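Colleague: Spelled out from the first residue to the last, the chains are:
There are 4 protein chains.
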Amino acid sequence: MSNKIRLGILGGGGDSLIGVLHRVASSMYDSYQLVGGVFNPDLDQNIGFAEKIGIPTDRVYKDFDTLIEEELKLPETERMQVVSVLTPNFLHFPMAKKLLENGFNVICEKPMTTTYEEARILKDILDRSNAIFAVTYTYTGYPMIRQMKEMIASGAIGTVQKIDAQYYQGWINPIIHDGEKRAATWRLDPEKSGISCCIGDIGTHAFDMIEYVTGMEVKEVLADLNYVYSDNKMDVDGTVLLRFSEFVKGLIRTSQIATGEENNFTVSIYGDKGGLKWEQENPNYLYHLTETEPLKVLKPGHAYNSELSLDGSKLPPGHPEGIFDSMGNIYKGVARAIRKEKYHPGEFPTMNDGVRGMNFIERVVESHQKGNTWVKV
Amino acid sequence: MSNKIRLGILGGGGDSLIGVLHRVASSMYDSYQLVGGVFNPDLDQNIGFAEKIGIPTDRVYKDFDTLIEEELKLPETERMQVVSVLTPNFLHFPMAKKLLENGFNVICEKPMTTTYEEARILKDILDRSNAIFAVTYTYTGYPMIRQMKEMIASGAIGTVQKIDAQYYQGWINPIIHDGEKRAATWRLDPEKSGISCCIGDIGTHAFDMIEYVTGMEVKEVLADLNYVYSDNKMDVDGTVLLRFSEFVKGLIRTSQIATGEENNFTVSIYGDKGGLKWEQENPNYLYHLTETEPLKVLKPGHAYNSELSLDGSKLPPGHPEGIFDSMGNIYKGVARAIRKEKYHPGEFPTMNDGVRGMNFIERVVESHQKGNTWVKV
Amino acid sequence: MSNKIRLGILGGGGDSLIGVLHRVASSMYDSYQLVGGVFNPDLDQNIGFAEKIGIPTDRVYKDFDTLIEEELKLPETERMQVVSVLTPNFLHFPMAKKLLENGFNVICEKPMTTTYEEARILKDILDRSNAIFAVTYTYTGYPMIRQMKEMIASGAIGTVQKIDAQYYQGWINPIIHDGEKRAATWRLDPEKSGISCCIGDIGTHAFDMIEYVTGMEVKEVLADLNYVYSDNKMDVDGTVLLRFSEFVKGLIRTSQIATGEENNFTVSIYGDKGGLKWEQENPNYLYHLTETEPLKVLKPGHAYNSELSLDGSKLPPGHPEGIFDSMGNIYKGVARAIRKEKYHPGEFPTMNDGVRGMNFIERVVESHQKGNTWVKV
Amino acid sequence: MSNKIRLGILGGGGDSLIGVLHRVASSMYDSYQLVGGVFNPDLDQNIGFAEKIGIPTDRVYKDFDTLIEEELKLPETERMQVVSVLTPNFLHFPMAKKLLENGFNVICEKPMTTTYEEARILKDILDRSNAIFAVTYTYTGYPMIRQMKEMIASGAIGTVQKIDAQYYQGWINPIIHDGEKRAATWRLDPEKSGISCCIGDIGTHAFDMIEYVTGMEVKEVLADLNYVYSDNKMDVDGTVLLRFSEFVKGLIRTSQIATGEENNFTVSIYGDKGGLKWEQENPNYLYHLTETEPLKVLKPGHAYNSELSLDGSKLPPGHPEGIFDSMGNIYKGVARAIRKEKYHPGEFPTMNDGVRGMNFIERVVESHQKGNTWVKV
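Residue numbers (the numbering used here), protein chains in the order written: chain U, 18 to 394; chain Z, 18 to 394; chain B, 18 to 394; chain R, 18 to 394.
Keep in mind that the hints were calculated from the coordinates and are not lab data. Everything hinted at is true.
Computed list of lysine-lysine pairs in DSBU-like fashion (alpha-carbon distance at most 35 Å, straight line): (1) B:Lys-236 x U:Lys-236; (2) Z:Lys-114 x U:Lys-21; (3) U:Lys-114 x U:Lys-357; (4) U:Lys-21 x U:Lys-115; (5) R:Lys-69 x B:Lys-140; (6) Z:Lys-140 x Z:Lys-250; (7) B:Lys-313 x U:Lys-313; (8) R:Lys-250 x R:Lys-140; (9) B:Lys-290 x U:Lys-209; (10) B:Lys-79 x R:Lys-357; (11) R:Lys-21 x B:Lys-114; (12) Z:Lys-69 x U:Lys-90; (13) R:Lys-357 x B:Lys-69; (14) U:Lys-236 x U:Lys-114; (15) R:Lys-393 x Z:Lys-393; (16) R:Lys-357 x B:Lys-21; (17) R:Lys-69 x B:Lys-359; (18) U:Lys-198 x B:Lys-313; (19) U:Lys-359 x U:Lys-115; (20) U:Lys-69 x Z:Lys-357; (21) R:Lys-290 x Z:Lys-250.
Because the structure is a prediction, the values reported are computed rather than measured.
Required output: the full structure, derived from the provided sequences and hints.
Modeller: See the structure below:
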């Protein structure tokens, strides 16, 4: 019998891309076995999907509540050990909550919840449990991001003094300019997507990344969002000024109307001894700038990288790995945590990242609505 | 019960990187289930490895002959459908031969055999069977390589008139200059590695790639190899001039002493209407040059790509995929072939690629030994 | 006798880099002859410098007033036709003013003056004269910037909807953290450098560039500057949010504490049909992004470029030109204007650019001092 | 009176690009004054051109012989000190010869002559004179090429073991496929262009560059050229295998049918301690590869560069200079030599480079004609 971790998945059926990402990631390090879940609200499609992906259908449940009920009847040695929540955003909170309350470990897609309050409730529940909880800020799993984090921690660029993160996409451009489309897109509907589109979807990635690599906390934000049309209720572009302390500042720039941009997420951190820069679309390069030395370009898999970074590469230098491998690293970390093996806190984003992310979204919108003023995070 | 394709693996145990690559690739599209194999010549390590990667140990066999014997006892509906051969090079031929003779489909690592003669024998056997046989020239699975192939086929650069492929690495540099190390390295021992090191290991990738993307055949070669030391019996660097026809020429440049290079494999194809260029270390960019238009940079996942290319991307543009995903595409194609689904001949390299590759290696060494003269392929 | 334009230069002696830049630029198109000037406040050094650069010393004057006086005595056919003002910033205004009042054409380094008021005075004088007046925002002379301007004007990216300019340097980093150095650096002394360091020196380049390439005007700014130390009186970093209209926004990001950055000036303009991006450190590439086509990379000298762009290249594609060539293009435009030949208004930045630049600096500082609020430009 | 070096120019009139390049280069460091020449075989056009570029016409001569005659009548303090030969290739030899014989310093465009024999004759004459003679292999003037030379000399990459130079262009592609055009193009006419087109025009640049940066000499060549059509008499593509010693090899790859390539000249040198790579189209980056350190990217103007390199930059890092600046550096070196100031032998290519270049061309064609065999250089 397999000694893999028993994984369940909620959502991710049909043509879901996030489903593919999580399934591939879970299989990368021979650690997980997908044993069942609720991939689809429709039972027939649910079963059909299980067959399509070639897993037994006996633990494919008709709905979430049944999953909980039936799994709890199984002995602990057979029960799902961790459940990945890939459903629409508004379901993250109730599902994660009930999973935690019933002793399941949880891997939750971002945004973790739809409000900061929900996030805090979830945190309280987790604090009283022994469960492992991960939020899939996927980009933090890249080897060169891990290297960036450890280089900053070890003083490679001195004291951080300037931070600039960009997350530019163009995908909403053709939608926003078409009255019908912008009324019909769920991402632009506050009922379905919460209070923010651009900041909520991609701004949080930038926010989490900054705090991940620097180990610093954003203290205040001043935001200017763009809704482009007066009948549009959701931001599709926004700049957020950041303060970490009186003289340490930064900014997050996000857009979904940067026409032609694909997924142009970049992070630049400058300290008094040097700078580090990274681009998500070319994730295997980390640029180290100093005042007096040639520019250095670090790449994955080399012995000069930290252990945490090296742990995130499967092949030698020159064999490019990508975003599936990044998510695979996060799943690997969660597997270690579940198995109570030793792991580095940087291996996966936690509840704390999820809570801070929700707070960030609400404070940014508040700053914008108050006329672009400073708001404490 | 799972309807996944039942996969066996020979070799790839312990810390084998090629083992990781094949296991991850096989799991990417929910198509395969690893049911057993012989991962290691030592039975205990073999069992231990199976446990480590979390698969049942009942079909982990003590050796290759036992695997054949026992699997044949199973009903066809339970028997392994395909076996991946990841063992040391000299075992590829006997194992692939026996697998084909016993009706198994085969996925074989490159080089397919150690001699051209073995390759032709294997081809004869395959020609008399109904089996699917793939050789894992991994790089042909990249979406932008597939796009390159289809653009050339569709006339995007006109008639091909100039070809240049480079495969530069530096890994053998510290070994070659150390008398003891170069005597002890199996790659430099003709008994273990066949007649060529550099051409055999990486030159064949370049050769196969050129024929894959252009659909043309190399007719003649003139090679100059470098052994660096007179006591060294294996090439570690070599340039091969190519002739496709009287006025269509090209070259393959390979090196393992290009110090500091990682896995710098590039392909440039020029026609009378334009050129196409690609670099393995940045595999998600395809450069299209013409005389009168701006340089165009094609990227995976866009609607302007061919079906074959799009089939090789799992996520939208801007989400970088890498070499695991490339190998995953090859496994996906093999799965379709095994399931007798429709597939494109460009989805995986076949026996023919393997045979030509072996011929290429022998002709290159012949050309060098004859004093750098032209030899027909 | 030469029919070149007779050029005088104020400042730029000794090891002055700006002097080299202007002299080389003036010589690039066989249009100017340097006939004299005041290179240095010390007459001996002044003469010595003239000898060093190999020009006759008879029109090398002891000071600016003498230059005016003596040149006016010469017949118009011998008199300096244009004078380049390369002196310290606070001298730009009085010198440019007197030159204009005495009928000389002027090429003035930026910042044009030290206050917005001075700038308006200068503009009034120019408006009543027939003189040619250029401000050397050097970067607008690059062929791909000219191409960007014309592509935007011709609708290549549709209606502009998002603008992002970055100008990051790191040079002041080692100075700012050293109490003695930061007290002794003239750039950080408001007496010598006006009210702003970072915005005044490099922010204005970004501001002018945005208005140059888009043809649009910034209407409002909200700025957050960073002085890093409480005893430091000049900004060394700053982010400026821009409004062009209610729903068309942008930002300028500037820093002199982005440690390790050299002269990293980039401009990205997004419209509803596409985007255009450019980087000063690799000035011969213009990136054109659309939603449905491959990324296009335009390069100088190709027939697909506009006339204005092509006029800025001296050699065929593939022969990189740089910042000297960019300044040379500005001088070429001024030569045409002086000779009353036909020229394109985009060939050199004018008084209007200078005036708006000074207004921008003052409004940015005002916004910061008012607590990061919106201020009209 | 000016103390600049008195420069004459032969050729380079009309729309000549090479004329622009030399005039701008000569003016870059305030060292030369163009006093006359023979820009055009037609006297009227000759005078007209002098007026257009704004120089006095009194020393614009009707032909080369007259120039020699008249200049010799002038006192040495007024006579041209150096003459740049920019005429069609077949005139280089007779003009350079006569100039040297009459005591003029010479700056000669490449190829220096049309045959190796002419080159040796020229060398003999020079050896018996005190003149300065430079051949304008322009690319050797780039600061990062100078840095590459000095790093190799100082052992930064250890003992050189592998060399690869590429010079790919596509410009002849539309001509070669058009029977009429290829018959009418002077570059493809052996009467006008000597025995080689591609090797003669660009292969020599690669050859000179390799010997320049490594300080090593090519000992043997084996070449395969491509004439593309049987009625075409001149190579438009060619690969040359190089031997420096038994185990140190390299290659030069050249093409004018690499459709879409502009001026893609690259040089890669690998030693047993590391590698150095450079690309002409992005000349301000020098890549330093080692086995154990991150990739280092060196840029001009930094203190970590050698004196020779730093001498070739006029502005601080981040201000891109280009090919005009590279040629300017060569002219600067020649000026120092003429003035008998101290200079580094790497500042400009000499007669020796010219002679070896002509020998290379002839040996390459010989190797090709002998059926692609090894020929000593």
